[in-house]
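Protein chains in written order, with my numbering: chain A, 1 to 69; chain B, 1001 to 1269.
Certain hints may be false.
As the list claims (entries may be wrong) - Not everything, but these chain B residues come out facing chain A in the computed CB check (under 10 angstroms):
(1) Y1005
(2) H1016
(3) P1020
(4) G1021
(5) G1023
(6) R1181
(7) N1210
(8) P1215
(9) L1219
(10) E1220
(11) D1221
(12) G1224
(13) I1226
Stated by the list, open to error - Here are the computed lysine-lysine pairs in the DSS-like style, where the Cα-Cα straight-line distance is at most 25 angstroms:
(14) B:K1088 x B:K1223
(15) A:K16 x B:K1007
(16) B:K1088 x B:K1039
(17) B:K1186 x B:K1223
(18) A:K16 x B:K1223
(19) A:K14 x B:K1256
(20) B:K1007 x A:K7
(21) B:K1223 x B:K1142
(22) B:K1039 x B:K1186
(23) B:K1039 x B:K1007
(24) B:K1088 x B:K1256
(25) B:K1139 x B:K1007
Honestly, the hints are just simulated from the structure, not real lab data. Quick reminder that beta carbons are idealized off the backbone N, C-alpha and C, glycines included.
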Amino acid sequence: MAKGKHKLHFDREKCKACGICIAFCPANVFTVDIDYCAVISSPDKCTGCRRCELYCPDYCIFVEEDYYG
Amino acid sequence: MCAVYHKYLRLDHLPHIWCPGCGNGIVMGAFIRAMEDLKYDQNEVVVVSGIGCSGRISGYLDFNTLHTTHGRALAFATGIKAAEPRLKIFVFMGDGDATAIGGNHLIHACRRNIDMTAIIINNCTFGMTGGQFSPMTPKGKKASTAPYGTVERNFDIPALAQAAGATLVARVGIYQVNLLRELIVKASHHKGFALLEVISQCPVNYGRRNQMGDPAEMLEDQKGIIKSAGLGQGLENYFGQIFQSEQPEFIEEYNKMIVQAQKKGGCDV
């Protein structure tokens, strides 16, 4: 899949700062904020593998496919 | 995908009470995606759960749900299935719930081969009550009631269920989320008692006591265990394999018995 074709939705209120999405993202899309919650810092790098969505225990990340295409 | 979660979750109950990085959330997510594949009517599905962290699942899912007493989830589910055989039953239990207090119910549900899917979320500890060791804590691992490590060996749930007579048995790790989704679909299509053991993680009450690192590290460790599956003993064996057999199903046999008794004009008592 082409890069940059996916839109990430992130719900900061539900995030419990477990760090799974940050560790599992192969493209390093996420970084941490002051509360150790995930922040989408480079959304263009997203390859749409959905690992963050599949492994998020709190359902705060969703990947929307072909958003720009 | 967002819409799927909105459809099957009771959103007013979220965020859930589970600790950061808890495996229960990942299992529930996989279950929701499996429900999307199965396309059952929400009124035709019953989710039953026992007591413990995993018992909260029935509160968060928007189906017919039943939160039952400790260890008795399978007994209640058997009653539901016997009364309304058209319903699809999914039973969520923790390892303490299923193998400790509910051990007897588990083996007899397996023996009866009643048509339902039991999902045992094995996090190797009694998480909700403070990290006491359960029958699934691996030998040598620390718990609040075993500060120097457990002495007892743990159960092998798939082997136990198979010996007791369950007709579909599989073990899967939460690292294999897509496989878990496929197995839930497969188990619900199976006619008979299907049991899935899902190896989960408790980063707070189990992982922290055993220096297993943060939730992401525990998941990575599980990946290593899954990759070396078949090489070691106990937990390391047969990840993702399915043991399936054909046996008479309880409800069908029960209905046959009713027809037989009616032909004879009732029983002679």
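Against the structure, the hints:
{"no.": "1", "hint": "Y1005", "in the structure": "5 angstroms, holds"}
{"no.": "2", "hint": "H1016", "in the structure": "7 angstroms, holds"}
{"no.": "3", "hint": "P1020", "in the structure": "4 angstroms, holds"}
{"no.": "4", "hint": "G1021", "in the structure": "3 angstroms, holds"}
{"no.": "5", "hint": "G1023", "in the structure": "7 angstroms, holds"}
{"no.": "6", "hint": "R1181", "in the structure": "9 angstroms, holds"}
{"no.": "7", "hint": "N1210", "in the structure": "18 angstroms, violated"}
{"no.": "8", "hint": "P1215", "in the structure": "5 angstroms, holds"}
{"no.": "9", "hint": "L1219", "in the structure": "7 angstroms, holds"}
{"no.": "10", "hint": "E1220", "in the structure": "7 angstroms, holds"}
{"no.": "11", "hint": "D1221", "in the structure": "12 angstroms, violated"}
{"no.": "12", "hint": "G1224", "in the structure": "14 angstroms, violated"}
{"no.": "13", "hint": "I1226", "in the structure": "14 angstroms, violated"}
{"no.": "14", "hint": "B:K1088 x B:K1223", "in the structure": "32 angstroms, violated"}
{"no.": "15", "hint": "A:K16 x B:K1007", "in the structure": "23 angstroms, holds"}
{"no.": "16", "hint": "B:K1088 x B:K1039", "in the structure": "12 angstroms, holds"}
{"no.": "17", "hint": "B:K1186 x B:K1223", "in the structure": "23 angstroms, holds"}
{"no.": "18", "hint": "A:K16 x B:K1223", "in the structure": "23 angstroms, holds"}
{"no.": "19", "hint": "A:K14 x B:K1256", "in the structure": "51 angstroms, violated"}
{"no.": "20", "hint": "B:K1007 x A:K7", "in the structure": "21 angstroms, holds"}
{"no.": "21", "hint": "B:K1223 x B:K1142", "in the structure": "21 angstroms, holds"}
{"no.": "22", "hint": "B:K1039 x B:K1186", "in the structure": "13 angstroms, holds"}
{"no.": "23", "hint": "B:K1039 x B:K1007", "in the structure": "12 angstroms, holds"}
{"no.": "24", "hint": "B:K1088 x B:K1256", "in the structure": "21 angstroms, holds"}
{"no.": "25", "hint": "B:K1139 x B:K1007", "in the structure": "41 angstroms, violated"}
Against the hints set out earlier in the document, violations occur for numbers 7, 11, 12, 13, 14, 19 and 25.
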